[in-house]
Structure formats: C-alpha cells, structure tokens
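Visitor: Taken in sequence, the protein lines are chains A and B.
For the first sequence, my numbering gives the first residue as 511, with consecutive numbering after it.
For the second sequence, my numbering gives the first residue as 511, with consecutive numbering after it.
Just so you know, the hints here were simulated from the structure itself, not pulled from any lab data.
Possibly wrong hints are sitting among the right ones.
For identical chains, the list gives no copy identity; a pair is met inside one copy or between any two copies.
[As the list claims (entries may be wrong)] Subject to a maximum C-alpha distance of 20 Å in a straight line, what follows is the list of computed DMTMM-like cross-link-like pairs (lysine to aspartate or glutamate): (1) 716 - 1041; (2) 716 - 987; (3) 539 - 849; (4) 539 - 987; (5) 539 - 756.
2 protein chains.
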Amino acid sequence: MLRYFLLFSILFIGLINVRAMWLAQVGPKYPPTKGEVWPKPQVEVKEQTFYVFNPSQFKVKVLDQTCDILTNAIARYSYLLENKLGLKTHPTAPSPQPEGIHSNTSYRGHLKELEVTLTSPCEEYPHLDMDESYNLTVSSTTTLVSSSVWGVIRGLETFAQLFYVSDDHNDIRVNKTTISDFPRYKHRGLLLDTSRHFITVSNILKTLDAMAINKMNVFHWHIVDDQSFPYQSERFPELSERGAFDPSMVYTKDDIETVIEYARNRGIRVIPEFDVPGHTGSWGIAFTDILTECYENGKVIGFGPMDPTSNTTYKLLRDLFKEVQNVFPDKYFHVGGDEVELQCWKSNPKLIDYMKVHKLTASDLHALFMSRVIPLLANATVPVVWQEVYDEGVILSTDTLIQVWKYNWITEMINVLKTGHRVLFSSSWYLDALGSRWTDYYAADPRQMVYDVTSNKTLMAGIVGGEACMWGEMADDRNVINRVWPRASAVAERLWSYQDSSTRYRSSRAPSEAYNRIEEHACRMIRRGIDAQPPSGPGFCVV
Amino acid sequence: MLRYFLLFSILFIGLINVRAMWLAQVGPKYPPTKGEVWPKPQVEVKEQTFYVFNPSQFKVKVLDQTCDILTNAIARYSYLLENKLGLKTHPTAPSPQPEGIHSNTSYRGHLKELEVTLTSPCEEYPHLDMDESYNLTVSSTTTLVSSSVWGVIRGLETFAQLFYVSDDHNDIRVNKTTISDFPRYKHRGLLLDTSRHFITVSNILKTLDAMAINKMNVFHWHIVDDQSFPYQSERFPELSERGAFDPSMVYTKDDIETVIEYARNRGIRVIPEFDVPGHTGSWGIAFTDILTECYENGKVIGFGPMDPTSNTTYKLLRDLFKEVQNVFPDKYFHVGGDEVELQCWKSNPKLIDYMKVHKLTASDLHALFMSRVIPLLANATVPVVWQEVYDEGVILSTDTLIQVWKYNWITEMINVLKTGHRVLFSSSWYLDALGSRWTDYYAADPRQMVYDVTSNKTLMAGIVGGEACMWGEMADDRNVINRVWPRASAVAERLWSYQDSSTRYRSSRAPSEAYNRIEEHACRMIRRGIDAQPPSGPGFCVV
Chain A
511 MLRYFLLFSI
521 LFIGLINVRA
531 MWLAQVGPKY
541 PPTKGEVWPK
551 PQVEVKEQTF
561 YVFNPSQFKV
571 KVLDQTCDIL
581 TNAIARYSYL
591 LENKLGLKTH
601 PTAPSPQPEG
611 IHSNTSYRGH
621 LKELEVTLTS
631 PCEEYPHLDM
641 DESYNLTVSS
651 TTTLVSSSVW
661 GVIRGLETFA
671 QLFYVSDDHN
681 DIRVNKTTIS
691 DFPRYKHRGL
701 LLDTSRHFIT
711 VSNILKTLDA
721 MAINKMNVFH
731 WHIVDDQSFP
741 YQSERFPELS
751 ERGAFDPSMV
761 YTKDDIETVI
771 EYARNRGIRV
781 IPEFDVPGHT
791 GSWGIAFTDI
801 LTECYENGKV
811 IGFGPMDPTS
821 NTTYKLLRDL
831 FKEVQNVFPD
841 KYFHVGGDEV
851 ELQCWKSNPK
861 LIDYMKVHKL
871 TASDLHALFM
881 SRVIPLLANA
891 TVPVVWQEVY
901 DEGVILSTDT
911 LIQVWKYNWI
921 TEMINVLKTG
931 HRVLFSSSWY
941 LDALGSRWTD
951 YYAADPRQMV
961 YDVTSNKTLM
971 AGIVGGEACM
981 WGEMADDRNV
991 INRVWPRASA
1001 VAERLWSYQD
1011 SSTRYRSSRA
1021 PSEAYNRIEE
1031 HACRMIRRGI
1041 DAQPPSGPGF
1051 CVV
Chain B
511 MLRYFLLFSI
521 LFIGLINVRA
531 MWLAQVGPKY
541 PPTKGEVWPK
551 PQVEVKEQTF
561 YVFNPSQFKV
571 KVLDQTCDIL
581 TNAIARYSYL
591 LENKLGLKTH
601 PTAPSPQPEG
611 IHSNTSYRGH
621 LKELEVTLTS
631 PCEEYPHLDM
641 DESYNLTVSS
651 TTTLVSSSVW
661 GVIRGLETFA
671 QLFYVSDDHN
681 DIRVNKTTIS
691 DFPRYKHRGL
701 LLDTSRHFIT
711 VSNILKTLDA
721 MAINKMNVFH
731 WHIVDDQSFP
741 YQSERFPELS
751 ERGAFDPSMV
761 YTKDDIETVI
771 EYARNRGIRV
781 IPEFDVPGHT
791 GSWGIAFTDI
801 LTECYENGKV
811 IGFGPMDPTS
821 NTTYKLLRDL
831 FKEVQNVFPD
841 KYFHVGGDEV
851 ELQCWKSNPK
861 LIDYMKVHKL
871 TASDLHALFM
881 SRVIPLLANA
891 TVPVVWQEVY
901 DEGVILSTDT
911 LIQVWKYNWI
921 TEMINVLKTG
931 HRVLFSSSWY
941 LDALGSRWTD
951 YYAADPRQMV
961 YDVTSNKTLM
971 AGIVGGEACM
981 WGEMADDRNV
991 INRVWPRASA
1001 VAERLWSYQD
1011 SSTRYRSSRA
1021 PSEAYNRIEE
1031 HACRMIRRGI
1041 DAQPPSGPGF
1051 CVV
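For reference, chain A alone in the conformation it holds in the complex:
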C-alpha cells in the first residue's frame, strides 16, 4: 500500500512540476515588480494611470506642524528623490518625444509636489504605543497626511517605494494610488548581537537605514555577552578595557548616542540588552568576584553565571544599569535571563550551602536573582526578559514583556498570555539559521497561531510583536548586512501587513506575488546602499 502511495505521489508531483522540470529557465527566477511596496500596505488602490517624475520639477512641501525629526526626514527623502532613488533610466535610448508620452492614454502629467500634513505636534522619542498610521494619495494633488510624525516617516518611505522605471527605460513613473496604512503589530524588531563579533557603528547605522526601509521600529541591541564586552562604561571602564576583543572594538557613549539619535530620526526605538546572570563571561575578566566558580571533582574548572548570593554583583548591576539607563531613553530595558547554567551553581560549595540553608533549588536561585535585579532598574522601566525567567516562576509585574524564543512556542505563548503578560515572539525568526530562506520566516504569524488554538481574540492581542534575531556567532562586519537582508524583510512584512489566510503555516511557500515583490524590494535596498543578498534565486539588480 505504501508503495502504491509513493508511486502515486511521484506521478502526481511529476505532473504538476512537468513544465518547470523540462523547460529552460531563462532570465530571473522571479521578475521584480514595479513600484510595489514592502511591507504591503493595509489598504492600497492603484490605478493604471501614471505620473512622470522629474526631480528638477518636483518638491516636498510641509503644510502644518513640523519639528527636527520631520525636517530631517524630509531632507533625507528629498535627497533620495533628487537622485531618482537610484533608479536608472537609459538616456541613450531613442529620446522620448514630448508627444510620445502625451499620446500615452494612461499618462496624467508630471508629478509636481508632495504636500506633507502633520496634524499634531511631534513626539520626541518613538515608543511602543506611537501612532504610525498615515494616508497617502498620489494624484493631481499628492498628499501625505498623518497625526503623528512617525506616521509621516512611514508614509514617506511608502511614497519612495512607488516609483519605477518605465518598460522602455525612458522615464520614472508613479501610478495614481491611494493608500491607507497602519501596522498590525506595535513592536517590529531586529536583534543584533555585537558581542560574538564586533559590528562597527557604520554597519549599525546601515542596519537602521534598512530597518526604516522595512518599517521596523525596534533595534534590540544585544550589546554584551560571554565572548566580549564592547560597551564602554564611564563608571566601570575596566569592563570594556579588559572585556572587549580589542581596544578598537568598543562603543563609546558618543557612539551610542549617535546610534540612538539616528534611530530616533527614523522612528526606531533602541532597547539595550544586558543579559544576566548567564552569558556574562566577559564581565568576569575585570570583575571575577561577580561570577560563580564552577567545580568538578572538588576543583575550580572555570567560571559560570553571575553569583546570585554576592552583594557585589547587585551593587555593580545597580550602578551600571543606572548609567546605561541615562544613555538609552527607551522605557523598555532587556535584562536577558536566558540559558543560565544551573549545573555550575549546583557544583559550587558556597552555593550548595546557600541553597541548603534557604531550602532553594537552583531554579529558585535564578528566580531569586531576577527578582532582585529587576527592581534595580529605574522607576517606570518596563523589563523585557527571555522566556526562561517566566518559565522558572519569577514573580513578574504584568507589564513585563516575555520574549519567546524556544520550541513549543504556541503552548508557551498561551501560558504567558493567560497569566496576563505580554509576548514578544522570536522562535520562528532566527536569522542565524543560515539555510533558512525568507519564505520560512514569512509563514509564521504569532497571533494567528494562538488564535487557531484558542479562538480567543483578547488573548492574542497580548502579543505586541516580534523580533528577527541576528545572533553573531557567524556574522561579522563582512557579512552581517547580507545575512540579515532581505530575510528580515519577511519578518517585517509579517509584523506590519495583513496576512493572506491562504498562506498561513505553509512554511517555505509565500504567495506568488510576494516572490516578485521581494525581488524589487531587495534591489531597492541595494540601490539605497544596503547590500541585500538574492531573495530566491537567479536574477539581477542594475545599480
């Protein structure tokens, strides 16, 4: 029976793939779209009529409120538009007669200006509940309207993505379009690990540029870890002096302020992570006391997580966090809490005694540690923790954000949500899986997963968003940009856009239009200085 089934399957697969198998695949695997937006807007009505774009006849005008963020954004996009967004026309082709374009029945004139209307005053920093919605109309009058500067920034990006080169390569066009857009999830993040390999500030800024192109709004800076400590502390300079890979591989206060300001101007929050008590090897080069000595056969064999019974640990964390929170303005702060090597704690005679005296397990010690560390954060700080902290039963305030990253994520999310906590989802979005393609990331929708099991809309609303995670073991300055992009774009669209129900859970298969659209998007990123890798196969990008 099995044999017949297999035979049938092979025949069946043979039939549906017969064309693909036989025929020579000439040209790009997926021809790029022309002027399609990524991530896909919520509501978009596009007509076949078009306007021709000529930078010398075009300007951007601000009608209502303004502020430094808006002025900077207008300057950035004006510069892009002046440079035709990197789009290449062929001036050597037979020169288009003015009559030529006028005889095209879809031609509606040249694009004159973009009127930007911000109806409320700017906010100083982006935040979880910021309004990113906007309305954009490209027509005889072209307008972008939002009640928030963040919405204007998102709308400007959308506007920039509507332009395309005509089929005859003679001009740049934009179709008559109406867009009403807003994000599905509030937290659309990218984690970058700068400890396993140091990433230069210029590549971090480039990453922020790419995030803005993809409408992502949280840069989760996993700044230190076991391997190195590049954060340069004013209070504890020894930490990076001894814990950084090299004196050249540190982030100064100036560097960090540069990153935060660059991000703020693009509507991107910067959430630092100082992962404790595990993943702290590099801290221990300067401050051996704060780590636990691990024992084997009665002898110290090295260091493990922080010592949860030592006051020195908490004192250092209190003072360091105070300094860090003065640099990072975001209300959210990630204290890690993942992968704590309890075996080391269980091997240490002092901790064995401590656990015996206080009738605690090693898990309890982890809980104890986190419950002492979280209150060290400034008032009104919202802690973010990896799921282990929740799993080990630490009493957490309901506003704590739990980042789910392990297997069995649906059960985990439901459990976390049922206790009233909010979820940040990452399990399906690890970019360090080098063999994974964008389509693998594209299929996963955390709210849908929870809804499909629980049919509970209130519950699923507790998922505030997710993050693509670029762990740094195999990513450094040389390859980080093309490791992240365009694969993280799949996560960006999943978090911003409506998901076509027909493609849910169909891992490794996205809707057919998305294959063509991400080709244009990857080439768009390349034209704008982001060295994205090929999304899905053979093709090309003219720059």
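Model the placement of chain B on the given structure of chain A, informed by the hints.
Guide: Same frame as chain A, but now just chain B:
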C-alpha cells in the same frame, strides 16, 4: 533496550561535554595561530627563535632567472611587505627599548632580505603539469628556491604568511623556518557561475587574489547558462545583446583578457565552460533554432536543450568555440554536458521521428551530440565534461577529464578510473550548500576514498584534483566573496596538503590545530582585502 542505550548515550555525551556546557566561553572560540601557513606545507620545521621585520630595512632580491611574471610577483609581495601585510602593531604601547628585544634570548636579529632564486626559465602560461614546488628558508640568510616561476609564486605566498605580531604588539616577527613544499593534487580549482547572477570583473579579480592566497590554480569559469549569457561574442554579438541580463552585465573580450592575465600572473589557469546541450536557455533568445521545442498534449510549451539533429547548432558551436579558444589560452575546455532534459527531446515530434529512424534512445542522442561537439574543439584541446557524458556512454578519448559531482561518487570515480579516464572531483565541495561549514568540505579526500575501497594506488593517481563549486543561484556581487571564503580554503588545503589520517571521513570535525589556523587565515584574507566570513564562531579580526 533502545531506551537504555539512549539513556547511556545521553549520560556519556553529558560527561564528555561537561566543561564546554558549564563554562562561560570568553573571547574567540578558536584563538588564531601566529604565522602559520594555509594550506599547510608538506614539510615545515619551525624554531622558536625569531627575526624582527621592519619594512624599511628589508628588500627582496632576485638572483638568477627572471621574467615578467616573476617581476610582477616580486612587486606585489614587496608592496604587501612594505605595508606590513596589514598587520597592526601598537606604537602607542610603551616603546620597546632596543635592549628589550636584544635581551630576548629567542631574538636572532632583524630580517634583512629575501633572496629569490629561480633556476629555470619561466613558462608563459600555467598548465596542469606545471611544477609548483619550492624550498624556503628563513634564517640569517633567507632564501626561496624553485626551478619554476610557479613554485616561486607559491613560495612568496608562504613567506608572506609566516609574519605575525608579537604578543606585546610591539613588533612583527617571523620565526626561523625551513619549508619544503609541493602540492598533492595538480588541479585545485574553483568554479564560479556568472550566469545565475552577474559577477563584476573586480570581484572576479578579487576571487583570483583569494585563490592565490590559498594556492588554488584553476579558475573554472562557468560563464553562461540558462538564465543569462554574459559572454560578449565578436562573431555572434546577438548572444549577449539579447541573452545578458542587462547591457551592463557582459564580459567583453578586454574583460576576459584582463582576467586571464591577472590569473596567469598568479599561476592560475582559466578554463572556460560553455555548457551544452542543456543549460542553454539564454542562447535561444537570439538563436531560437538551436534549441529543442518541448511539447505537451501536442502543443509547444517552451524550449529545452539544444537540438542535436540540427546542423545550425553545430555550426554555431564550431564558430563560437573557435572564437572562445582564441581568447582562452588553456589547453583544457569544459563543454558541460550535465542535466540534459531528455524528456523534452522525447516530447518533440521531429526528434521522436529521428530516434525511431535511427533506432536511438534519448540517451543515445545525448551521446551523439557530445560525440559531434567535442571534435569541434581545436586540435590538442583536452575536453572536460560533467560525469553524465561518461555515464551515457559517449566514446571519449582517454585524456578527457571527467568531473564527478553527483551522489555515489566513490563508485562513479572507480568506474571512470577503471576505463582509463581521469577524474576531477567536486561532489563534496558544493559551496552553494549555505549551511555547510568548512569542516564539512575539509573531511573529503577523493584519492583516499578510492584507495580505501580499491587499495589501488595506480587507480587513485588518476584523480588529478578537484574543484569547489560556487553555483550562482543565491550568490551575487554582494555576497559571493564571503560565501566562498574561507569555506573554499578547506578545499584548497585538502588538495594541497598531506591529510592527517586521524581525521579522514570525520565530517564536520577537523584536527584541532586547523580550527585555530583557519582563524588566522581568514583574518589574513580580510587584511588583504578579501571579505571572508567567520570560519567557526565568535572571534575578531583587527584591520
């Protein structure tokens, strides 16, 4: 029973990994070596005594024969040495007292000069049987001796790899060393596919630089394929005019001559591949006649392989090959022959008739095609073909080189070798397997595989070498360099160096010293402008 076995395995694995599991991994996963050569020389005696290197007090002197290739090589390495090979000393560290270095008992003075002795006249082009052996002695007199200019080039590269920065970062050193070196395999190649994505000439030249650093000696240029035809033909300009992705994405005759000359200066052969009769979709845009129309339900559904019954096909190939062979000086020429879609031939009414009349199968047609194409090559050309051509029973001259790339490669190699043909091995070395690590490539040794099955040394000698293959579906100008390097370095060392018998077949595990040595090597490539990716995990490279 199985349960107990599993339990035992888990406990056992737990025991041997206990240290790695518990302890914080501070710093690089594999600290780089200092002044170790990749690929490993055959005989190397290194002492702990050292010489200090100061570019202003050093020069390279040629004692015997010379020629343009030698002069150019001396100029390249002199420039590198003048720039300290990119090695960074810390002049800000406490300045080293002259007494300081003199009080070091291992110090043997400053390195004065390198005497290069070439004992025979130069050859004009590298070739399969070229001599690449050399002897290098770093001592009070430092000498590099070879009877071949190719050996001198390999020796200069080795010399450049011996330098390292002292632990106190104060000076650049080179240990007293004697090396006697030669390659195990004659053909150590890299295939680059420039059809699925166009690769600019500057990245091809960079690839040749990297190959020279890794002592690889054949650039297999898979220049055209189904997707695009970037080769610009003088005789048939339509091929690239219509078949290239974009007018900017072609290789002119000048471009190709630049590549060949750059390669020649580095002792690298350039073997072009014009893959026929399959993988030729892009040819058909200009010359529809030469392709086979594929049918389904009595209707043409598209194009397949070349039409093996059409004289137009052979005439075009004859004239094109003639032109191509005037540009590429190498005696070897790759005519492809892989993955021919016989189903298309079997669907075409004209070919069905032809096969009926001549009592041929579709496989026979493939054989017929190859047997008519190979004689179109210039006299004395050695054809290279993919294994299918052998598998389908084409009568091939014994000098034909068969490139083995599919599964069951051991059986295939033995079969090919037994009929007196030579083997080029690639099955284990596909770089487009993105998840594969350098250690996966490192384990495979084609001669050893054949010897382990046959115990026949004569047979195994028929394996002339191998090639790492960078197929271009997911590699373009943005990522090709770090996709290839340092993973291809594993193949380079396997083909050049003696293999430690303890590590044979132990896929995904290399000898411990190699982990540290490839870290230095990857950083060395980065310092010399090749953006290699991290080899094995966390670490850093100061540039």
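Visitor: Under the constraints set out in the numbered hints, which ones does this structure not fulfil?
Guide: Failing hints: none at all.
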